[in-house]
Amino acid sequence: MSREELAEEKNPMEDFLRMDRIPHIWCPGCGIGTVVTSFADALKKSELDLDKVAVVSGIGCTGRVAGYVKFDSFHTTHGRAIPFATGLKLANPELKVVVFSGDGDIVGIGGNHLIHAARRNMDIVVICVNNFNYAMTGGQVAATSPMGANLSTAPYGNFEYPFNLPYLVETCGATYVARWTSLHIRRVTKSIQEALAKRGFSFIEVITPCVTLYARRNRLGDGLNLLKYYYDQSEIQHGADTRTVGIDYQGKLIVGKFVDKEKPTFLDGMNTHLQKVLGEKYVPYGVKP
Amino acid sequence: MRKVKADPKGVLTGAHYLDGDFAIAEGGLAAGCRFFAGYPITPSTETAERFSERIPFVGGIFIQMEDEIASITALIGASWGGQKVMTVTSGPGFSLMQENIGLAVMMETPLVIANVQRGGPSTGLPTLTGQSDMMQAKFGSHGDYEIIALSPDSPQECFDLTIKAFNLAETFRVPVFVMTDECVGHMHEKVIIPPADEIEIIERKWYQGPKDKYLPYKPDKDLVPFMVKAGDGYRFHTTGLTHDERGYPVLNAEVQDWCVHHLVDKIRKNAHKIIELQEDQIDNAEVVVVSYGITSRVAIRAVQLARKAGIKVGTMRMITVWPFPEKRIKELAGKIKAFVVPEINLGQIGREVERCAFGQAPVIGVTHCGGWVHDPEDILKAIKEAVR
Amino acid sequence: MTIRFGNLRPKKGNIHINKERCKGCGFCVEFCPRDVLELSEEFNKKGYHPPRVVKADECIYCQLCEAICPEFAIFVTLKKEEEKGEESESRP
Ligand SMILES: Cc1ncc(C[n+]2csc(CCOP(=O)(O)OP(=O)(O)O)c2C)c(N)n1
Ligand code: SF4
Ligand code: SF4
Ligand code: SF4
Ligand SMILES: [Mg+2]
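Residue numbers (our numbering), protein chains in the order written: chain F, 3 to 291; chain P, -9 to 378; chain B, -6 to 85.
All clues given are correct.
Below are the DSBU-like pairs computed for lysine-lysine, each with C-alpha atoms no more than 30 angstroms apart in a straight line:
(1) Lys(-5)/P <-> Lys208/P
(2) Lys203/P <-> Lys12/F
(3) Lys180/P <-> Lys(-5)/P
(4) Lys263/P <-> Lys317/P
(5) Lys54/F <-> Lys195/P
(6) Lys263/P <-> Lys(-5)/P
(7) Lys230/F <-> Lys254/F
(8) Lys54/F <-> Lys201/P
(9) Lys208/P <-> Lys54/F
(10) Lys302/P <-> Lys327/P
(11) Lys290/F <-> Lys(-1)/P
(12) Lys5/B <-> Lys12/F
(13) Lys219/P <-> Lys200/F
(14) Lys201/P <-> Lys290/F
(15) Lys72/B <-> Lys46/F
(16) Lys46/F <-> Lys73/B
(17) Lys54/F <-> Lys(-7)/P
(18) Lys192/F <-> Lys73/B
(19) Lys46/F <-> Lys203/P
(20) Lys263/P <-> Lys327/P
Because the hints were derived from the structure by calculation, they are not lab data.
Since the structure is predicted, the reported quantities are computational estimates derived from the model, not experimental observations.
Take the sequences, apply the hints, and build the full model.
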């Protein structure tokens, strides 16, 4: 007989979650929770000092992640997780700062910050849960909504061109770019692990079912159906040319690790440059003696 | 409240010839600010330029962000990362910052914003003076809240009040605004920067107790909660949502009531510790000229002329504009014939004086839309009208 | 040289389900490679059908159910006597 109650055993997520805040607000069949588990697993494997991990979210369903994870965690304003993370990281460079938020938050309202953080090669990890809509406010059209998809503010179907996120962040300078679906559990974990181990701007897009709004409006079945559908539609192409990975409505999803390169970060660049120009008089910042 | 001497690394001791914008940067550096995020905007840019020039020799960060929204948000992040932080801006940038000023208030984050005011609305008068963001400073973000705003009248005070702004921000865990204007910002005068050991700095209210007992929003006796920084193992949470003492979101009317009252009370109930006024010949005055910032300096001439003409006129210069000196205005209202309030806007603080005077003394505003400082004659005229 | 194959037995797991936390999405049931689980008829307090273990002995401790559960409601511990087994690689 297996024990069906956890009583005597500790849930392995207890080290990573504020259990006093669980159950979370996400709908049954929503994929966000699975991505959180992948994140926790990646942290476990990374063997980072969890006291030095900070999570920053914006606003949205995904934005609630910051409230559930047991780290120094910041639930900020809509779109502003990245500049908040920028300040946090620069103020205390020994932190591992992870931005965990939705597509609308990071790419829609926060798009300007995204491209600038990538350009600067700010040393942060961005996990972007892409559910193709503004879920928390009721399934409105987003900058990531595929053409033809039905959204509450595109009730006759979306006719705008969506962003191709890996292409966008790569051209802006990101040094690590990957895309998976939330069912690629082990691969999401591995990508987050690799991103955590890197220095520089890392961006991981996770295609995740929004069962209540996106799936229902587009009659795509329940969470399980959509989860499987995304997985089945995906094709792993590591190193794919990001120009070719745009997403069509219910079309093929090119996933994989697209970019993994090394480049000095904002702080590296600042210290090296100013040291070179100012010599001895320069007081280096954030470098361990 | 832990008082220390300023870190000499940031203090450029000596007599200098500086404009107000530069003096703000020096004030920040002297106060221990080591993180500046900003976006260029006239007439405030010189502060950012000065900071970017000086910080490599002090040790810290200057970062020019992609806009003012990013600047203020980066400040909040950096403040939680343990740094003292500041930015500088003017009208349009101040408008962009408003949502996240609310976040700073809600998260109880110490930070300093200098607003070198110009004429508005919109792009308005980028290169000419104004004082028309005074109400925005108090009410610009949504919801009920309190902040602190100071108003320097000279480059020297730009330096002094920026230090004071940091001390207040750290004491009360609140955003503090240095509300100066183009005229003071671009005015060059002698600024004395004292030796570091003569500059008193108030440290952040760091929590010292056991880790598992820490509650980020539990008010201390002075109503201000203790703070920690990210990376010290507290694993705290903070949010812009209505929250309880743990910092956890609780979305109901009861916690909303507690949360908002806490934010407001910690300033209102400590107002007497915050407010700084400079009064002159007020005891037997028939008329009191209430002013702030550059307008106070112009008013001096008008007051001299009025006194020469035998009018009993007192002055109140508001160094602290927010929280507003309600009590003092109320007190005076019962004793005088009228208030005269000159300001470079169409009557923002004048309206506040009127509210506090509560009909006991009329308020005569001397107002214009910006672009120039008052002609002392106009203020004199108002004083004369007041005693008639 | 002698080769010993004795260590290659699959691992076995003990499944722990927090029924009250479950929202009955069926992910664990669907993706368990050994069909160890099924959604039960019973309701939890929130009105969802939590999974139940139907083939306990089949569980190979792949922890897929644990990794996929969006509610953090199910996890698996290694059966003690099996601790020497090889790493399972069956997680997606
Ligand atoms: C300035 C501002 N505008 C609008 C909103 C309303 N709002 C809250 S969440 C949200 C959309 C979130 O979408 P996304 O980031 O994709 O997260 P999801 O809910 O899809 O996970 C919006 C528009 C807000 N909170 N703040
Ligand atoms: S609305 Fe969509 S994204 Fe939000 S919790 Fe529900 S399923 Fe998830
Ligand atoms: S650990 Fe693997 S085999 Fe065992 S119940 Fe979970 S998914 Fe099934
Ligand atoms: S995956 Fe979790 S929430 Fe879904 S049915 Fe299984 S135990 Fe319940
Ligand atoms: Mg979304």
